[in-house]
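A.B. asks: Here are the chains, one letter per residue:
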Amino acid sequence: MKPPRWSHWIALPAALMVWTALSSVLDASVLPTPLTVGDRLWSALQSGELLHHLGITLRRVLVSFALAMALGTLLGVWMGRSRLVNAVLDPLLVLFLNLPALVTIILLYVWFGLIEVAAVMAVVINKVPSVAVTLREGARSLDPKLEQMARVYRFDRRQWLLDLWLPQLFPYLMAATRGGLSLIWKIVLVVELLGRSDGIGFQLHLAFQVFDVAGILAYSLAFIAVVQLIELAILQPLERRAGAWRTAGVAHA
Amino acid sequence: MLELALTGEGAHPLLGRIVAQVSPGERLCLLGPSGVGKTTLLNAIAGLDPRVPGAAIRRRPALRIGYLFQEHRLLPWRSVRQNLAMVGAEASRIDCLLEQVGLCDAGDALPDQLSLGMARRAALARCLAVEPELLLLDEPFASLDGERARQMRRLIAEVLAAQPRMAMICVTHDPGDAEALASRVWYLDGKPATLQRDLRMSAGLLRSGG
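As you go down the protein sequences, you meet chains A and B in turn.
Position 7 of the first sequence, counting from 1, maps to 198 under our numbering, and the rest follow consecutively.
Position 61 of the second sequence, counting from 1, maps to 647 under our numbering, and the rest follow consecutively.
Any given hint might turn out to be false.
Derived coverage of chain A by chain B (criterion: at least 3 residues anywhere in the stretch with Cβ under 8 Å from a Cβ of chain B; other residues may be distant) [stated by the list, open to error]: (1) 216-224; (2) 266-278.
Straight-line distance between alpha carbons at most 25 Å, and here's what the computed SDA-like set of lysine to any residue pairs gives [as the list claims (entries may be wrong)]: (3) A/K377 to A/D354; (4) A/K336 to B/E725; (5) A/K336 to B/L785; (6) A/K336 to B/G693; (7) A/K193 to B/G693; (8) A/K336 to B/A671.
Interface residues of chain A toward chain B, partial, derived using beta-carbon atoms under 10 Å [claimed, not checked]: (9) A202; (10) P204; (11) A206; (12) S238; (13) G239; (14) V343; (15) Y344; (16) F346; (17) R348; (18) F361; (19) R431; (20) W436; (21) R437.
These aren't lab readings, by the way, just hints derived from the structure by calculation.
Glycine is no exception: its CB is placed at the ideal position from the N, C-alpha and C atoms.
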């Protein structure tokens, strides 16, 4: 059953009310009121500062996301399809999976300098293993009976990928995308904080130096809003369209 | 067009020595107790069993095979029409095929929206879409009720009558199917399974072959 519309509008307003209540008790430098943060957001938006840094961070997120998804999908599907490849690469995957993001970032900055390529590479290295693990699971769940069918009817490479594998891998790609976006933008902020002179992470760094809590909250909320927008405008409609066939038999039977 | 030369010396757990030939237009029913390896042999013939060495199954080069699996094995995320197009049927021919199997109105349905009998007929339409020279049927009447099974048997008989050069190998456990459809019967038994009997049937007379 579909939950009623209003059910989506409970948690966030409640959180806002708690925030307002707390901020009236606490000192303004510790927790500013939502109104103060809103003001800050508005002035940063008008000065063009917010959009500038938001755009730069968003570009870093999208580039590293695309690279991480592509590499992780290739690696994961390869490992899921071949036991030999899996046996060879699995120890390496576990190692990278448990390598702290901070270590990768520091090492890459030390080795390559405080440059854009090192920043993006650090994020990609952090994300590829978890995409690979998810897609490996997907590749293992591919239906062997449908593959027999595809072999008998001589599917070509394109049909094999787009008609046979992609629809089966789609939920795993969505899971990797969801987890990916939220994890990647958090890592991008750390990367920016440690070694870039623009982007939301850099702005947070500046705000941190003067304990400007209102600035920190304003910039974080702005980016959370962007990620939420991506979820609502792109991911959810995509999922609804691609998943329609799953419920086809249920209504009938 | 098809030559089986399984020696039984390999390490295949189910298939023993099976040596036989199939010519165009032959209608074979493959009988035997359940679990003996009938489907395994059918898969081997279709080239789907990696444990069977390539030399053991000699198919005429580029032999067109239509395989009706026990399950429909249509892509559940594509409509029946798209499933037929996927194996190379042209748009105009798809309508003919759907009409032939009595599914004129179901072209745009997804496979899981169809009943078992309809889905199996849709899968049969896909077999026919490749204009097969060899038609492989795995228990085509299993789990259908009496009327649906009769309908399916009639449909397959029509298909066979319309294409006299097409060979058929049909796995079944019902000797009645063999009587209705086959010109030759293989009986598979033992572990590993061997060809116990190879009977050619003509005009009601049974004479032993191979």
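A.B. asks: Could you work out which earlier hints the structure fails to respect and list their numbers in ascending sequence?
C.D. replies: 1, 2, 3, 5, 7, 9, 10, 11, 12, 13, 17, 19
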